[in-house]
Amino acid sequence: MKKSFYVLPIALLSLLVAAGAVFAGSKEVEGDGKFAGDYAMGGSTTVEPIVVSAIEAFAKKYPAAKISYDAQGSSVGVTGVVDGVYVLGGSSRELKDKEIDAGVVPTAIALDGIAVVVNDNVPIDNLSLEQVARIFAGEIRNWKEVSGPDREIVVVNRDEASGTRAAFSELVLEKNFGKGKAKFIADAITTESNGDMVTKVGQTPDTIGYCGFGYIDKAKNIGGKTISVDGSDPTVANVLTKEYPVSRYLYVVSKGQIEPGSLNEAFVSFLLSDEGQQIVEETGYIAIK
Amino acid sequence: MSNREGCLLRIKARRFYESAVHKVLFLCAVISILAVVFITFFIFQRGLPLFQKVSLWEFLFSTYWLPTDEANPGFGILSFIVGSFYVTFVALGIGVPIGLACAIFLAEITEGRMAKVLRSVVELLAGIPSVIYGFFGIVVISKGVRVFFGGTGYCVLSASIILAIMILPTIINLSEVAIRAVPKDYKAGSLALGATHWQSISKVILPAAKSGIIASIVLGIGRAVGETMAVLMVAGNAPIMPTGLLSKVRTLTMNIITDMGYASGDHMTSLFTTGVVLFVFIMLLNFLVNAITKKQIKSER
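As given, the protein sequences belong to chains A and B, one line each in that order. Its first residue numbered 1, the first sequence is counted upward by one per residue in the working numbering. Its first residue numbered 1001, the second sequence is counted upward by one per residue in the working numbering.
So that you can see chain B by itself, here it is in the shape it has in the complex (with noise of 0.2 Å):
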């Protein structure tokens, strides 16, 4: 065998070896485009049946939910559409400040330690298991709530309080991330023309990092809208409309998981269905976030 031959041999067993890594690597990534694939398939296979007994309109604006009626059943779930986006809006007026304040505190103020020892707290309150988080709900927060601002403690502002500290790690990180982002120049501009530094932060920073900053928020959106355990321990889980911030209140997910159990028939369908109005939800949250970053894209070329 010549020495041409041996280096050609080489050649192509290095290059079956390189395409069959692709390979792998390729069928790895077709596993979880499957895996998504699949859930939407199946969830909406189980879920959509039950609009032959139940029209769109009561199951979406109806209030009436008494599955297990024999007479007259009730599919609606207009309460828990409201109930989950309340809860979440108030989780958000509580925790996006909070949370954008930190950020900018991370970002802009503090630098060596402290900013290390922050970050690994706010990496570790990702960490925390939800039904921690429900069990700190029940001890402090609900009895907080209902010494501070009377009621039960099982209710919305219970419920938004906990989801508010759940999103901090989600708004702080990808914020952050937005704000270092900006470019220095626009910094030193602002500095160099006589401006504050909170002057340059609120006004010129956090203006050009809005983009990345909403992306954060509908983030934090899509994870309080799919809390479920969390929730569930401080809300009350009444199946009514909620009325007011000490009023209780039932989610989509809470709906979901305290049925799974034991329904059977129409009522397990039509857990199925709410899981498919919830996965609409945060498939439409999800293009958002991926529209509000392109825009961003555009926009810094």
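Next comes chain A alone, as it looks inside the complex (with noise of 0.2 Å):
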């Protein structure tokens, strides 16, 4: 009887002993590599497949360096370096005026259109550029207006922490109704994600969203296609002959300049490196060098 007095208390204690000799040894150094220890990196879904394949090849060269990457959407990243949460952010949109006066520095990492996606169902192959920001503004709210069949539009979107919206929104809504007039319908399906949305789009009829290059083979595998914007077919050579009007770059991003020396310099470099490029190519993206 007296026995179990001591139990809980003793249990108790070695708990919270254990506890913390766990917590304590997590930040303790592992091995004696370069840039041993763990990274935090994150944000944009469309920049994720090159920066998670990075990290894969990264960590052959320097095998300490845990590097992690949390995909959700370009402003998670950005606010996550300005807080401190990531050391580098993955951006698919320029920054705003207030991100770069909190000290976030870019850096140009790929090329990227933003193809245009719509459902298997949709019998059309082809709309203007105006077409298309007049569908997502909600001005066109039926495909026979677009010399489609009869059937209402179902506009997919994406959340507003996506650097894709943003990126689209700039280079379609307000190329087409002027800077600050460009307002997305609301009566939309909002996607978390690049995979979310083409999964959406691939499976609900009559929709039409836009994802990075990176998307389309898995928006092609699931019931979506791609369509001609202006009679241009979004690939990389029409991106790089400016043929394809929706493109811009993709950025990893850091709170100040790289510091020499740091796991982000070397991260950074060698994204810019041949095979570093190379994944980009890869990927499904454009090499800026």
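I should point out that these hints are in silico values taken from the structure, not numbers from a laboratory. Among the clues, some could well be false.
Claimed, not checked - Heads up, simulated DSBU-like pairs for lysine-lysine below, C-alpha to C-alpha not over 30 Å straight-line: (1) K96(A) x K1053(B); (2) K1053(B) x K225(A); (3) K1053(B) x K179(A).
Unchecked claim - Among chain B residues calculated to face chain A with C-beta under 8 Å, some are: (4) G1150; (5) Y1154; (6) D1259; (7) Y1262; (8) S1264.
No experiment lies behind these values; they were computed from the predicted model shown. Cβ coordinates follow ideal geometry from the N, Cα and C atoms, glycine included.
From the two separate chains plus the hints, produce the assembled complex.
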């Protein structure tokens, strides 16, 4: 009987000690490799395929550096870098003035087009940039207005954290309606990532959406297709000749200038190396070097 | 040392251990209370400052939600409040009859192995993570709604069907307990008067178990209003006022999760304020459950 009085306090105490040891241990650095430690990166879901592949390749050179990438949208990445949650962020849009004032520095790592995708059941192969803009602004609500069948257009949009959305707004809507006058239709399915976007477009009839070039294959695999804009197909070649109108740079962003000798410098220069730029191309984007 | 002294010492030691254990247990109880106190405090502390910029009236009764607009930001969450309740009540319309029927079946009709299997299946239903419900929703329910009812499939109805399934365990378990708690004499009396089994169930047992059943429904409402992930995946998430069962919808919880990652400044505060609204709703529901169950205990005496 008496023994059981000891058990509870002792159990609690040993739990506390064990927990303390675990937490203390995680701070310590394992091995003696360069850049040893845990590094968190995060942001754009468009940049995700590039950075994730780059992390894998980078890990072979610096096995002690454990890097993670948390794909939640460009704005999450930029905010995370400002708050110190991430060492590097991925952004698929230009920085806002407010963010530049906060000390965020962008480094372009790739060029990307934004493809307009529709569900396979939409018998349309081409739209003008103006038509695309008016569809996403909610001025055109039926496919018959763009010489399609008499069915309602289902717009699929990204959430506001998305850099692809911001870039699409700037490159398509603002180009057509003027700066500050572009507003997306509110009655749209809102999706959380490029992957979510192409899944919903592929699985829902009469939809139209947009995604980074890296997600075109996935879109085609699950029931979607790309359409040409102003008669130009969404291909790397057409982006390079500027014939395809919707393209933007992809960035990694850091707080302040990247310090020489830091993991950030090693990682960014890896992204910009031949090997890194090859990863950019393998993941469906356009190398800039 | 005399025998008597030794005995006294032992008693003292025992008392000491006893009180020490009590204190440890008390400390653990205090931790859970503190958790509630801290959550309440910080949600309100972070959420309330919004009302220095936006009036309570505008926040609760405007449908203009555009917090990132630099020239004219909008912080009206009426659409999401309506969305939350719309989705929840349609879910109750589907889930309560099914759940109640299942509870009656478990408490009154079936016994033995069938009941055992059914009960463990219901428990399993309660343990499935909500993101799995969401997957199921995208693959099966949205598609089904699209085929049978038209529209995009990302709508109030899809979200409600998912929520109806998710609140089944709450309603089934608590209603079954309430039905079982009805004194056996009631049923015996009713049967003795010549009523059939179903007549006894519908006219005697259910009315007697009423407050327990209502409590189960209110708890189901709480679960449905607070659910985030599953509805996020099938509701369409458009920040508009829902116009019908096939309209896209955004609920309070979806609004918080959608913007949480990147919001800053007033926008972030407004998400906490949305949390305050949600918190107040859930608190009111809990008070309601307490009031109902208290009434039941009183009436039983």
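Now for the hints, and whether the structure bears them out:
At most 30 Å may separate the alpha-carbon atoms for a hinted pair to count; K96(A) and K1053(B) meet this at roughly 23 Å. Distance hint between K1053(B) and K225(A) is unfulfilled; the C-alpha atoms sit about 45 Å from each other, more than 30 Å. Taking the CA atoms of K1053(B) and K179(A), the gap is about 27 Å. The hint holds against a cut of 30 Å. Checking G1150(B) against chain A by beta carbon gives a least distance of about 10 Å; that is not within 8 Å, so the hint is violated.
Because the smallest distance between the Cβ of Y1154(B) and any Cβ of chain A comes to about 5 Å, under 8 Å, the interface hint for this residue holds. The beta carbon of D1259(B) comes within 7 Å of a beta carbon in chain A, closer than 8 Å, and the hint placing it at the interface holds. A least Cβ separation of about 3 Å between Y1262(B) and chain A falls short of the 8 Å threshold, and the interface hint therefore holds. A least Cβ separation of about 6 Å between S1264(B) and chain A falls short of the 8 Å threshold, and the interface hint therefore holds.
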